[in-house]
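Novice: Following the hints, put chain V in place on chain W, whose structure we already have.
The lines below spell out each chain.
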Amino acid sequence: MTTTSESLAPPRVRRRKLPTELSILLVLVGIALTFELLGWIFVGQSFLMNQQRLTIMILQVSVVGIIAVGVTQVIITGGIDLSSGSVVGMTAMIAASFAQSADWARPVYPALVGLPVFIPLVVGLAIGTLAGVINGSLISYTKIPPFIATLGMMVSARGVAKWYTKGQPVSGLTPEFNFIGFGIWPVVIFLGVALIFHIALRYTRYGKFTYAIGANPQAARVSGINIEKHLIKVYAIAGMLAGLAGLVTAARAQTAQAGMGVMYELDAIAAAVIGGTSLAGGQGRITGTVIGTIILGTMTSGFTFLRIDAYYQEIIKGMIIVAAVVADQYRQRKRKKV
Amino acid sequence: MVSPQTMRAVRESGAVPNAPYLLEIKNARKEFPGVVALDDVSLQLRRGTVHALMGENGAGKSTLMKIIAGIYVPDSGTVTLRGVPIRLKSPLDALENGIAMIHQELNLMPFMSVAENIWIRREPLTRFGFVDHRQLNRQTEELFTRLNIDIDPEVQVSTLSVASRQMVEIAKAVSYDSDVLIMDEPTSALTETEVAHLFAIIRDLRSQGIGIIYITHKMNELFEIADEFSVFRDGRYIGTHLSTDVTRDEIIRMMVGREITQLFPKEVVPIGEVVLSVKDLALNGVFSDITFDVRAGEILGIAGLVGSGRSNVAETIFGVTPASSGTISINGQPVDISSPTVAIQHGMAFITEDRKETGCLLSLDIQENMQLAVLQDNYTRFGFVTQNKLSAVCEEMSQKLRVKTPSLDERVENLSGGNQQKVLIGRWLLTNPKILILDEPTRGIDVGAKAEIHKLVTQLARQGVAVIMISSELPEVLGMSDRIMVMHHGRATGILDRAEADQVKIMDLAAR
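Sequences listed follow chains W and V, in order.
Take 1 as the starting number for the first sequence in full-length UniProt numbering and just add one per residue.
Take 1 as the starting number for the second sequence in full-length UniProt numbering and just add one per residue.
Extracted from the complex, chain W is given alone in its bound form (with noise of 0.2 Å):
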C-alpha cells in the first residue's frame, strides 16, 4: 500500500505561479469600465479615450506611487511607515533651498545660488535617507513598534519643513531642477523605481530576507539573517524615495512649500494595500502596489470626470479602500480552507 502511494507521488514541477495581481488588475478594469460606462450615460463621453486624462490620471498618483514603493518594503517586513509625507515636505523645502537661481530676488542662502543640479538631488535623497536610517534604528535598536517611531517621525519632519524658513515657501528653482518635475519625467521616474524594486524583491536577497523578516522574525534570526541591520536598510529606502517623491513634488510645483505631501502617507499605505500587501507583513508585491496607485488615480481622475463633488469623493474613496482589503481578507480565507 506504502509503495502505491510513492510511486504515485504527483509531478514534482515548479510550476510558474499565477499571478496574484490579476485579481486587483480586474478590480481596475472594472472600475475604469464603470467610469466609461457612467461616462457615456451622463456625461456623453469616453472615459478612457482621452490620451490627455490618463496622463494627467497617472501623473497625478505618481509621486504617492514613487512613495507607495517605498511603504509596500516597510509593510512586507511587518511594519509601517507613517513619516513619508512629511518627509515628503522636509526635503522638498530643504532641497530646493539648494535648488534656486541666481536671479531670484529672495533666495534662502544667498551664497548658495545657481548650483549645479546634481547638489539638491544628492541633498535631497540623502534628507529622505537620513529620516529612513533615524526610523529604522529606533525600531531596531529601541524595540519601539514602528507606528511610534514614524508617527514622532512624521510630526518632527513636518516641524522641520515648517521651520526650515519659518513658513515661508521656497521659489525661484532652477529650470534644471524642475526638469524632473516637467511633463511625464514623474511618471517614468515612479515606474523605474518599480521596477528596480521589483526586481530587488523578487531576486535579491535583500528581497528574500524582506519577506522572511515580515513572515516570522524569530525564525530568521535563528537562519543567521541581522534582523536590526536589515530592518534600517529597508526603512532607510522608504526614507529615500520619500526624499525622491519631495524632489519631484517640489519640481513638478516650480517652488516647495512646507505643506507639501500632506497625508500622503496614508495614499500610500492605501495604495500598497489594496494592491494586495498584507499589514501582517510577509506578503505582498510591488507589481500590486502600481496597480493599486493606478486605481486611486482613476477613482480621482473618475470622479472629477463624473463632476462628482470633492466631499462625495473622499467618502467614497474611503469606503473602496475599506472594501478592498475586506475582499482581500474574504479572498486568503477562502484559500486557507481549501
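Hint data in this document are derived by calculation from the structure and do not stem from the laboratory.
We put the beta carbon where it would ideally sit given N, CA and C, even for glycine.
Calculated cross-link-like contacts (lysine-lysine; reagent style DSS-like; alpha-carbon spacing at most 27 Å):
no., chain 1, residue 1, chain 2, residue 2
1, V, Lys-356, W, Lys-143
2, W, Lys-143, W, Lys-233
3, W, Lys-229, V, Lys-356
4, V, Lys-356, V, Lys-404
5, V, Lys-455, V, Lys-400
6, V, Lys-434, V, Lys-389
Derived coverage of chain V by chain W (criterion: at least 3 residues anywhere in the stretch with Cβ under 8 Å from a Cβ of chain W; other residues may be distant):
no., region
7, 337-350
8, 366-375
9, 382-395
Specialist: Below, chain V alone, put in the same frame as chain W:
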C-alpha cells in the same frame, strides 16, 4: 432535532433518558473543498470513561473533535447526546449542552487574571451590576480545591507557565459542569510530574461520571489513562478497542496500516574526534556550569523537565542568547558565538523547539522556507539569488526528506506538522552542518514522520555530524542517544552513558 433550550430543560429536570452512551456519533461525514476529511465515522463515548482518539496527523481526529465541539457542522450523520439527537451550531451551543473542549493551542487571555479567564461571560455580579471580584475569586478557589490545583486565582495568566495555563484551561472546561470533555494532546507541553497531576485530575473527573475524549500521539499515555480507544486513518474509522486488549505494535499497525517494527533504530556508528566542546557555560539567572563534549557521529541527548534550561543551553550555544560566561570550542578552537550568524559560519544548525514561533515562515512557500539559511553565503551573486540552482537543491532535498506536497510552491501553513518539520530540517541540511542541534524534533508529529526523522538523524550521525538532541520523550532520548545529559533547575545533574541509562535514572536526575 431538539433545540439546546429543550435539552437544557431536559437536563435540568433530571429526566435524562436512559441512553447506553453519553455521546454517540453515527456515520458522520465532513467534506472540505477537495478533501473528504471524515468519511462515515462513528464513535461511542460511555459515561465515566476516557476514550482516546488515535491516528496520524490528517487522520480526521481533529475534524471529528471539532464536530463534537460545535466548531464544524457535519455534512451528514447524527450526533446523539444522552440519547437525544442534537445538532450543534457553535462552540457556545456545545458548551450549553455540556460539551467543553480544551484546545491544543491555549485560548486564554494573557493580561486578565486566572479567575476572570475562567468565568468570562459568566462573572458573578454585585447588586449594581459590577463584577463581584470577591465572589469570583472564591468560586475559583472552590473549583481549584475540587481539582486539587494550586494556582492563585488573582494572578495574571501571562505570568503562568504553560503547564499552569493548561490546568486553568481544564478548570475552565470543568466549570461549565460539562459531561463531555475533549482534550487535544493536553500533555504535549507538560513534564512528567505535571502529566501525573493531570492524569490524577482526569481520573477524578472520570469517577464523577464525566466522559473524556482524549486525543494523543503518545502510546504510553494511552495505556496509562485511556479505557477505550478508537483509531482513525485517512478520514476513516478503523476500530474501537479496550486499551487492555491490545499491544503497542498492534495499535501502531492500525494507525499507519503498516508495520513499524522498531521505533528508534539506533545504529552504532564510528565515533570521531570532539567537535563541540562546552566548558562552564552560563547565562545569568538561567543556567550555569554546563560542561560537555560532543564528538563527530555522536548523538548527545539532553533530558530534563520543561523549564530546566535545556532549550536555553541550545539557544546560547547557537548565539540566540549569547553566554554570559564560559567557553565554547569547535574542533579545539575557542570561538565567540555572538549571534546565530556566527554559529552558522562555524557549521552549526539549530532546529528550534517551536515550529510555528521560531521555525516556519508560514505565509511563504516551501522553497522560500528551505533556502532561508543558505542565502547568507552560497547561492547569491552580486546580491542576486541564483534561483535555478536553489530550486534544484531544494527540490532534491525535499525529495530526499520525502516532504509530501504537490510542489515547492505550496505554502508551509498548508502542510502537516511532520512535513513542516521536514522542511525545517531541510533548511538546515542545506547548510551542510557539522553540528546539529535538535530541540524537540518530533513534538506533535505523527508516528510515520517521527520514524523517518529518527532514521534521518541516525544517518547524519553516520556521516560524522555531531548531534545534540533535546527531547521530553524519554523513550526517544533513550533510544537515540549515545550519551544523555540530564538537567535540573539550570544545572547539569549528570551525564549518563547509553548502557547505563534508563527511565528511572533519568527521572531521578531530572527531579532531584
